[in-house]
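Put chain B on the given structure of chain D with help from the hints.
These protein sequences, in sequence, are chains D and B.
To get this note's numbering, take the position in the first sequence, counting from 1, and add 2.
To get this note's numbering, take the position in the second sequence, counting from 1, and add 2.
Treat each hint with caution, since some may be false.
[As the list claims (entries may be wrong)] Pair ranges (Cβ atoms, derived):
1. D:Leu-169 / B:Ser-240: 35 to 45 Å
2. B:Gln-114 / D:Gly-53: 25 to 35 Å
3. D:Glu-173 / B:Glu-73: 34 to 44 Å
4. B:Ser-240 / D:Thr-181: 31 to 41 Å
5. D:Glu-173 / B:Val-228: 32 to 42 Å
Don't read these hints as lab results, they were simulated from the structure.
C-beta atoms are modelled at their ideal positions from N, C-alpha and C, and glycine is treated no differently.
There are 2 protein chains.
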Amino acid sequence: MRANQRDMIVASTSTLHGQRPLEYLLDELKSVFTNQSIKSLLFIPFARPGGITHDQYTQKIGDALKSLDIEVKGIQQMQNTVEAIQNAKAIFTGGGNTFVLVKQLHDHKLMQPLREAIYSGTFYLGTSAGSNICGLTMQTTNDMPILQPTSFKTTGVLGYNINAHYLDPIEGSQHMGETREQRIKEFHTYNSVPVLGLREGSYLRVKGTEEILKGPHSARVFKAGVEPTEIQTDTDVSFLK
Amino acid sequence: MRANQRDMIVASTSTLHGQRPLEYLLDELKSVFTNQSIKSLLFIPFARPGGITHDQYTQKIGDALKSLDIEVKGIQQMQNTVEAIQNAKAIFTGGGNTFVLVKQLHDHKLMQPLREAIYSGTFYLGTSAGSNICGLTMQTTNDMPILQPTSFKTTGVLGYNINAHYLDPIEGSQHMGETREQRIKEFHTYNSVPVLGLREGSYLRVKGTEEILKGPHSARVFKAGVEPTEIQTDTDVSFLK
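Chain D extracted, bound-state conformation (with noise of 0.2 Å):
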């Protein structure tokens, strides 16, 4: 078996309330960079949120990471896409919405690429949509299905799905639709897969064979027929398999 490189840091939000885009992520991404001499990004803008086009999207990423001295460059500027992936040293995918970005990626062939970029060390940074897609299947995004992917699986890169933006139930909320803990419920009727709810501000520090949970709060585990769980920050979440 191929040894197990992945550097990567997988968030719930790039944005926290009242906060820059990647404001809360900058220190980490800084040393990240530093120590390992990385001057430039791929960007995958794929999932872009409200009509913004992928260069809108790709130079707001670049104005957010202006501090940091590094190059950003779209995906969709490139001839050969799955070679940028190869190639590239550090690769970020953004939020948005996550059928959109599947869709796109399955379309063009790059689950597969991104995937083994991932496992031979290549830095990968993704949010919301982003670290959805480091799960097993999208199946546990919040998204609204606008666009149907050929496929739901997605690049398996951890061995668990991610709910990002999770939300705990509203108290004394009136409205009848489901809670997001209801939802992941209703995937575990089809579904054997683990689901770790990723609370906005929480991110997974993913180095080698560890999953490292980071940030302010506990993440909630969703396992097929058991009472979900709270996992504490600085917990190995990779036993969640």
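Okay, now just chain B, sitting in the frame of chain D:
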């Protein structure tokens, strides 16, 4: 063109907070069943929520309609499901998960028979997922993609899509996940189908070519490229296509 004999109730939710299932619709249902001498109802439990069996779900609906003296049969008990739909006097598709429902309807080749039954005048009640399938596609569901249907297309007995359990943005929320309105706007970056956001308690009463909004709330109308608008109760929304 064949006559349009639709006779439908398309409801945002089966159950209002603090009420019993279907309680707020019983008067309207009683008048339909009495006027048309309907004595039996075919229930489609395929969206089944929370892992209950199809039989348990059917039993629950039988209990909810007990006061109307109507026999409720679940489609899962039928030898020939297409004939069951063709021969039904009334059909009710309940809520749960829209992906699960749509997968089953496509796998059993029931989408077209359902459409034909509705157009030829079979009374149809839909709640939540059962209302989503009245639109052109299921692409404005709020549900998690816990199963993968072969197609997102639905019956198209309405000329637009439904967003059931429509939820207004929560004022002062610091959660960074998308609001319902943002999600529907994103749907419109890839699709031109209008969307009717039905708040809980709202329903459409469809008779022939008329599609009247009923219940205590206005409904929110989303069209590609224009700002959302509100439609007041008792308005015919059939212009929306």
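inquiry  = Please list, smallest to largest, the hint numbers that this structure does not respect.
reply    = When the structure is compared with the hints, none of them turns out to be violated.
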